[in-house]
Amino acid sequence: GPKVLQIPSHQIIDMGQMVTLNCDPVSNHLYFYWYKQILGQQMEFLVNFYNGKVMEKSKLFKDQFSVERPDGSYFTLKIQPTALEDSAVYFCASSLARRGVFFGKGTRLTVV
Amino acid sequence: GEKVEQHESTLSVREGDSAVINCTYTDTASSYFPWYKQEAGKSLHFVIDIRSNVDRKQSQRLTVLLDKKAKRFSLHITATQPEDSAIYFCAASNPNTGNYKYVFGAGTRLKVIA
Chain X
89 GPKVLQIPSH QIIDMGQMVT LNCDPVSNHL YFYWYKQILG QQMEFLVNFY NGKVMEKSKL
149 FKDQFSVERP DGSYFTLKIQ PTALEDSAVY FCASSLARRG VFFGKGTRLT VV
Chain P
5 GEKVEQHEST LSVREGDSAV INCTYTDTAS SYFPWYKQEA GKSLHFVIDI RSNVDRKQSQ
65 RLTVLLDKKA KRFSLHITAT QPEDSAIYFC AASNPNTGNY KYVFGAGTRL KVIA
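Order-wise, the sequence lines are chains X and P.
The first sequence begins at 89 in our numbering and counts up one residue at a time.
The second sequence begins at 5 in our numbering and counts up one residue at a time.
Chain X on its own, in the form it takes in the complex (with noise of 0.2 Å):
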């Protein structure tokens, strides 16, 4: 079935470093997520994009945050500076509209 690529699996960055983690979505998806598991805890909504803005943020979306989608290439979150407590499983989802939503298997990000 569709799949929803996320590339690297994990990653391990030093404190204060950019991080990029990129999703390659199904291809003919309209809509884009980026949720975030601390270890343990709940997965828990980040942003959503559309139409190549942003939709909807949380307020774990923190200014050091941005997504983008250049030219129907990946969908990227990037994080600049990385802090330790952004270390956790993001996961990367699309959908074509409210059903039917398809996640990847997560990047591990450990930032030491």
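If you're looking for bench data, these hints aren't it; they were derived computationally from the structure.
The beta carbon of each residue, even a glycine, is placed where N, CA and C say it ideally should be.
It cannot be assumed that every hint is accurate.
To be verified - Pair ranges (Cβ atoms, derived):
| # | chain 1 | residue 1 | chain 2 | residue 2 | range |
| --- | --- | --- | --- | --- | --- |
| 1 | X | Ser-97 | P | Gln-62 | 34 to 40 Å |
| 2 | X | Gly-188 | P | Asp-59 | 21 to 27 Å |
| 3 | X | Arg-157 | P | Ser-63 | 29 to 35 Å |
Use these hints to put chain P onto chain X, whose structure you have.
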């Protein structure tokens, strides 16, 4: 904002028995409730959903019940099999916002014992 609670963090059942996972939500405006399954090392996989215009939906061995008054919904798995073992996540969404974001529960780890 919406909060979703998933009441069982772990659940163990014998193969062939039924499993029930319960969730509650707080926002009366939520009207769409999907369930996802995550097996070890894999992504979240959609299993079943329910909209608030019905109170029950069945797909093969899976049934979702929705009680809007109590703001509660549940996933029932009958005749469980070892391959049902996974983490199950419930979620709630208010599609009228047009944003299609989901609020997830914390997940229930279901273990089916052969």
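Problem - Violating hint indices (sorted, rising) - result: No hint contradicted; all consistent.
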